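*Asks:* So the protein lines, in turn, are chains X and C. Numbering-wise, the numbering used here puts 191 at position 191 of the first sequence, and it's gapless, one number per residue. Numbering-wise, the numbering used here puts 249 at position 249 of the second sequence, and it's gapless, one number per residue.
Bear in mind the hints are in silico, worked out from the structure with no lab data behind them. As the structure is a prediction and not an experimental result, all values here were calculated from the model. There could be a bad hint or two in this list.
Okay, the calculated beta carbon distance ranges per label pair [as the list claims (entries may be wrong)]:
| hint | chain 1 | residue 1 | chain 2 | residue 2 | range |
| --- | --- | --- | --- | --- | --- |
| 1 | X | I23 | C | E191 | 29 to 37 Å |
| 2 | X | I23 | C | D134 | 30 to 38 Å |
| 3 | X | R421 | C | T254 | 31 to 39 Å |
| 4 | C | T254 | X | E30 | 39 to 47 Å |
| 5 | X | E30 | C | G265 | 36 to 44 Å |
| 6 | C | E258 | X | L58 | 42 to 50 Å |
Cβ coordinates follow ideal geometry from the N, Cα and C atoms, glycine included.
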Amino acid sequence: MIWLNPAAWIGLIALAGPIVIHILVQRRAERLPFPSLRFLRRTRLASIRRHVLDDVLLLALRAAIVALAVTAFAGPLIVTARQRQAWNARVVQAIVVVDGAQPARQPSAFLSQTFEAPSLSDGIPRAVAWLDASPPARHELVIVGLLALGSVTADDLSAVPPAIGIRFERSGSLPRERSVAGGRVLGWQRDAVALTAQTVALNDASTRVREAGATEPAGFPIDIVCSTDARPIVDAAIAATLSQRVWAPAANRRGRLVLVEPSLDPSAIADVGPIVQPWEADGVASMVRDRELQTTGSQVPGGLRDTRFTLAPWRLLLSAPDGRPLAVAAASKTGLVVVTGAEPLSSVTPQLLRAMINALGGPPELRAAEVLPIPDAQLRAWSRPSSPVEAPRVDRVERDDRRGLWVLGLALLALETWVRRSRAAGAEAPHEEDVRVA
Amino acid sequence: MTGPAPQHTLPGPEVLAQIADLELVARIVVEGLVSGLHRSPFHGYSAEFSQYRHYRPGDDLKYVDWKLVARTDRVYTKQFRETTNMAATIVLDTSASMSFPKKVSKCRYAVIVAAALAHIIAGQGDAVGLAAGDRVIPARAGRHNLRALLAALGGVEASGGWEAAATVRRAAERLNRRGLLLVLSDFYDDEDATFNELRRAARMGHEVVLFQVMSREEVEFPYRRDLEFSDLETGRSIAVNAGLARRDYTDAVTAFLERCRRRAGAEGFQYSLIVTDTFPGRGLRNFLLARRR
Chain X
1 MIWLNPAAWI GLIALAGPIV IHILVQRRAE RLPFPSLRFL RRTRLASIRR
51 HVLDDVLLLA LRAAIVALAV TAFAGPLIVT ARQRQAWNAR VVQAIVVVDG
101 AQPARQPSAF LSQTFEAPSL SDGIPRAVAW LDASPPARHE LVIVGLLALG
151 SVTADDLSAV PPAIGIRFER SGSLPRERSV AGGRVLGWQR DAVALTAQTV
201 ALNDASTRVR EAGATEPAGF PIDIVCSTDA RPIVDAAIAA TLSQRVWAPA
251 ANRRGRLVLV EPSLDPSAIA DVGPIVQPWE ADGVASMVRD RELQTTGSQV
301 PGGLRDTRFT LAPWRLLLSA PDGRPLAVAA ASKTGLVVVT GAEPLSSVTP
351 QLLRAMINAL GGPPELRAAE VLPIPDAQLR AWSRPSSPVE APRVDRVERD
401 DRRGLWVLGL ALLALETWVR RSRAAGAEAP HEEDVRVA
Chain C
1 MTGPAPQHTL PGPEVLAQIA DLELVARIVV EGLVSGLHRS PFHGYSAEFS
51 QYRHYRPGDD LKYVDWKLVA RTDRVYTKQF RETTNMAATI VLDTSASMSF
101 PKKVSKCRYA VIVAAALAHI IAGQGDAVGL AAGDRVIPAR AGRHNLRALL
151 AALGGVEASG GWEAAATVRR AAERLNRRGL LLVLSDFYDD EDATFNELRR
201 AARMGHEVVL FQVMSREEVE FPYRRDLEFS DLETGRSIAV NAGLARRDYT
251 DAVTAFLERC RRRAGAEGFQ YSLIVTDTFP GRGLRNFLLA RRR
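Work the whole structure out from these sequences, hints included.
*Replies:* Rendered as structure tokens:
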């Protein structure tokens, strides 16, 4: 026997209820209005002597009712080998369909449900929740789709509990070649910033990138706050950064690099606040992970002297050798704000500019355009059989053994009512009989 | 060939208590009562011939019986008894103790008996009045007065206390001439003072009739288990085991009833004990038969 809800045993504390009531409640004699008390003398009450013995049966009945109710809530389930075998023989399938694929029929499944989703990260949690609420059986997650490279990741599958089996089903075939917009890049042409669109053609295992359309002038997405003397140096750093071509950020993403001590120009950081936009947080994280930037920064002296940069909302990007922050980041209404204490002439400046541009934008997402399938070996590695049924949950079992307990409890309740009423009637009966005879 | 006389089943007190029309209730009680009572039990004053006596100078000639003069050659004058109707006042106990038991309270039962008495008295042309709590109907003859009295009786409810002695005194003083004082009560209230007032009423020339109204439960105390008895008038309560207290109680009640009966007899009052689970006419009939003798 297993208990589907063993926590309910704590309800046995309720057994104390009837006992305490029987002990503590003072039994009072029934009140009877009477014309005159002049002929009555106070006597010893019989109930004081008798009620403990009288109530033993009622107390036992009431305690038994409470115990039965608690037992029923605890959810007794007699799991026989045959029952377990029956559960393990059936399969409940949650089918997650991505890429608009058509799932194959699953005639063998005891119960199945199809979840159509734009991506696995959306479909898998819904499927797992449904499996969790399904009756005891072997649980299986079937992922149906084109299964192109990048469409399934280990992170997606880590959300599936180990007891749930995973199976992949390839549906349809990927095209041999696909051309998609490949994003835009910023470059440096004729002493100015230039914007160029790209097209990416994926053909089997080869990738071709070509420029699409003419190059057009553009603005630099990072505002620079520096002294007039440092401006030529900063422009040179911008040219050096763009000469390698970088991914252009979206139009609504901008940055601000402050290269002076803010005490000299308080307006440069007057509007900063905590980072709340996901792209800003991702950008800060990418800058912290940038090894080249971190290595360069660790060799440059001149950390920020102002101690407020060690506090919120500022987040540390680089540390100077003396331990002080060399570069910190925060957010403003216009975008990401980075303040550095490094000299403009130092090698940190172009590194920061490159890291900031990469933080503002990034390579285009080409996973949806992939024409290569996930290798079968990888799919087999991710696949696993479903585990046998262990302890089913109380609310998932179609039929448990509580019903009999409830019936027995109701029968005891009826018996308790009958005993109570018959006693009350027994106490009244002699009175009425006497009156009739008289 | 005549068959057996039809059996008339008299309605019980519970049935009578359910009937709101007191006049109808009174009729039912009296009809069940008067079969076999052909002569009025009440002897009041009436305008009736008393005797002849020899004429004496100064007698009013209109009372001379001229026919007798013609037959006997002797002059006689007719003499009459002073003519006046009987006046009766029904005194009803309205104390809270009369509200017991719930099924048919002593008060309701007493109201039915009082209505029946009023119906009988008014039916033979005598005056009847009522003193029940704050409801006072002067003793007058006639159907109009009877209806007013029955209406007053219909509104009587037992609650609070009852100044027995004062009520008896007022009722006795309201009877202008010698009359009949009918008292319906359980006589729990101030026993000595009540009997003193009744004695005073008797000395005023009134005839006093006592109906002690008791319930079966009060007389026999048919309880067994633990009960908390609360006094209907004082609210005081006492918890007793009724089985254990029964013997002492019944002894005390019997002694009380016997004392009431004995005191009434000693004062020359007519006394009747009526129990509320009997047909109201039964107790009344016994009383009227005793009165005939």
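*Asks:* Hints first: check each against the structure and report whether it holds.
*Replies:* Each hint tested on the structure:
no. : hint                           : verdict
1   : I23(X) to E191(C): 29 to 37 Å  : violated (47 Å)
2   : I23(X) to D134(C): 30 to 38 Å  : violated (52 Å)
3   : R421(X) to T254(C): 31 to 39 Å : holds (36 Å)
4   : T254(C) to E30(X): 39 to 47 Å  : violated (26 Å)
5   : E30(X) to G265(C): 36 to 44 Å  : holds (39 Å)
6   : E258(C) to L58(X): 42 to 50 Å  : holds (45 Å)
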